[in-house]
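Q: As a plain string of letters, each chain reads:
There are 2 protein chains.
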Amino acid sequence: MNWADAAAEYDQKDPLAPCRERFSLPPGVVYLDGNSLGALSHHVPERMRQAVEREWREGLIRSWNDAGWYLAPQRVAAKIAPLIGAAADQVIAADSTTVNLFKVLTAAMEANPARRIVLCERDNFPTDTYLAHEAAKRYGKTVRTVDQDTIEAAIAEAGDDLCTVTLTHVHYKTGRLYDLPRITALVHALGGRIIWDLAHSAGAVPVSLDEARADYAVGCGYKYLNGGPGAPAFAYVRRDHLPAFTTPLVGWHGHAAPFDFSPEWRAHPGIERLLVGTAPMLSMLALEAALEAFEGVSMTELREKSLSLTRLFIAGYDACLARHGFGLATPREDAQRGSQVALTHPDGYAIMQALIERGVIGDFRAPDILRFGFAPLYVSHADVARAVETLDAIMTEGVWQEAKYAQKKAVT
Amino acid sequence: MNWADAAAEYDQKDPLAPCRERFSLPPGVVYLDGNSLGALSHHVPERMRQAVEREWREGLIRSWNDAGWYLAPQRVAAKIAPLIGAAADQVIAADSTTVNLFKVLTAAMEANPARRIVLCERDNFPTDTYLAHEAAKRYGKTVRTVDQDTIEAAIAEAGDDLCTVTLTHVHYKTGRLYDLPRITALVHALGGRIIWDLAHSAGAVPVSLDEARADYAVGCGYKYLNGGPGAPAFAYVRRDHLPAFTTPLVGWHGHAAPFDFSPEWRAHPGIERLLVGTAPMLSMLALEAALEAFEGVSMTELREKSLSLTRLFIAGYDACLARHGFGLATPREDAQRGSQVALTHPDGYAIMQALIERGVIGDFRAPDILRFGFAPLYVSHADVARAVETLDAIMTEGVWQEAKYAQKKAVT
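In order, the protein sequences belong to chains A and B.
Read in order, the letters of the first sequence correspond to residues 925 to 1336 in this note's numbering.
Read in order, the letters of the second sequence correspond to residues 925 to 1336 in this note's numbering.
Keep in mind that the hints were calculated from the coordinates and are not lab data.
Model, not experiment: these values are computed from the prediction.
C-beta atoms are modelled at their ideal positions from N, C-alpha and C, and glycine is treated no differently.
Take the hints with a grain of salt, since some may be wrong.
Quick list of in silico lysine-lysine cross-link-like pairs, DSBU-like style, CA-CA up to 35 Å [what the hints assert, rightly or not]:
| id | chain 1 | residue 1 | chain 2 | residue 2 |
| --- | --- | --- | --- | --- |
| 1 | B | Lys1003 | A | Lys1328 |
| 2 | A | Lys937 | A | Lys1003 |
| 3 | A | Lys1061 | B | Lys1061 |
| 4 | B | Lys1003 | B | Lys937 |
| 5 | B | Lys1328 | A | Lys1003 |
Here are the computed distance ranges between Cβ atoms for each label pair [as the list claims (entries may be wrong)]:
| id | chain 1 | residue 1 | chain 2 | residue 2 | range |
| --- | --- | --- | --- | --- | --- |
| 6 | A | Asp1134 | B | Gln974 | 37 to 43 Å |
| 7 | A | Pro1006 | B | Arg1190 | 35 to 41 Å |
| 8 | B | Asp1258 | A | Gly992 | 36 to 42 Å |
| 9 | B | Glu1225 | A | Pro1006 | 49 to 55 Å |
Just chain A, same shape as in the assembly (with noise of 0.2 Å):
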């Protein structure tokens, strides 16, 4: 059986196959970019009309207490905590990823003032980065940046100086997947702390940060957990490190007593303490809206949908797309390739937005990454034969030579 007639008959047998029905995804389209926004579930809209209609409109002031707006980041982390191998007391939904991201980088710069050095990935998502030379600047901290096939070596190395390590666990571009609960030992080993940043993880591959004893973690609500644009992030802290944990980032709704307006700050005990200013609620709700379609599916199942979708389309990518020119930037061992397959080709640009006008949605990423996201809810292995074929097609053609697709546009 050809890698394109598997297709159909993995669909057949696919147990989450059905939890496509829990989303709206338009007539025509083949939507790989789940890694960058999250697909429409039907829990969301009905929602969003509710909010709106109902407890903004009619409810006003009063829905913070009688809608329950005021406990939303706490329900929306406890919906999040099981997708990421935590204990909901460890774990808040606030912010974006980098403000959370800033908030833990200087909670461990804080929590071990003699350790110096803090260790980054070279090519990792930008943002982080960024909050690690201009914390460490002010910290009086030193940042090694590190290429990822020698951030074990580099951990050894700082010895008993190493600080923080700040990883992103699936690689933004490549797809790489870090071994988390190895580092983090290997980190620990050494007295230091870890920070991972799972955005590209949470609702696509299994993380076990209490197994692990992580430190910290952020990540993303608008990528695999459908979110809607921009939705909140989250952010955890382990159980232990929460009493000590501080922040110059603080607000009023981290308070132990937001409501006493005491002109003292004390921080809550809990993981509220990372909560800073009032939530943006309509996204808020939409995210907690769309975690629900999350009911039922166990972190094995979707693991093995997942890779069976990136399998398959790596299957096409050697039948079908490796003599066009392209490369695979993502590892072939199961165990190092998150949810996303990434394909390098010079003129990537021009060839993803031939792709999107044919109805194929992916991503591109400078300088020549092409991302496919297989968001294991929702795309179907049907998908991922009509992406593959799509791609040949085009190549064969060479319709994204025309010079429509060469113009650059932002996109997120």
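Since the structure of chain A is provided, determine the placement of chain B on it from the hints.
A: Quick look at chain B alone, frame taken from chain A:
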């Protein structure tokens, strides 16, 4: 003519009376809590449906460009700018008020490492003082917390050691309005910088940031701007401070070329450098739609209406409420009053609960403040009359003493 009879006549002559039709207020409710959560404008529900059901569902990732999501922070800022007396290129919509305050506060501290004194008002909204203290600790500054009436003396006393002053333009409890141009000039005369928190000003009282040459400002999207629960906030940085503006809280949306994904931080030359992570787009678009309610309304008209409402409420206080043991916490002088009136009463919590149950919604702030906000776009003089009459009736009947009103609940 007594104060209550005057109400109908005032409404008759009110040029902003038709603006009430731009809002969707629940029947039978007098809403005097727009200083906490603004009412729903008619522009929002349809915009939300379009954003969710067309832009997100159909457009998916493409909507960042095609639906203009990417530039929403700038578009929203351009609508807020005229309301706060600012040219639009110095304003950006982003994050929460607290997070924005953190950015400008750290920027002010970094701009002048040699000057040590940070002045705060003792009774300011607590987020402002929490941040000032936490930042001051890290930057080696000294916070001096002073009373409202001694702020000018404290500025003078700080002399050339004055680094920055952080004040809320309209006090969140008392509604007292600072003389923004005067205090800004006093701070500048000593070479210091000032941060204005406009949470209770924007959309309610005229603000003249550019004319006063204020250094920084932040403000809230969900009070008088009616952006919905937890709507994104805004920040203002005076144009000539932008090139040297630095804060440790940076992120990819503030980069000069975000989609280059360059590992080196290079701040956007403009106000966009204050952007950090991805904006909560549903909440941002709700705010954008809500701001249409200000179309064609001048700040002069808005202020006149606001003063007319608060004057009428104070007249009602004198005529009907003072005798029940209420105090008036808000200045009687127009020039010192924002768009709210605060009464004091030792049983304020229970009284406010009873009042809300009768359909007049204000809020309570510990220990004894009953707040009434008068959003000039949709509150009528008839609303003011009904509020006074209802409060008078509750006190006369003594219903607030029923046990059910005693229980304390969290409200924002």
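Q: Return the numbers of the hints above that this structure violates; sort them in rising order.
A: No numbers; nothing is violated.
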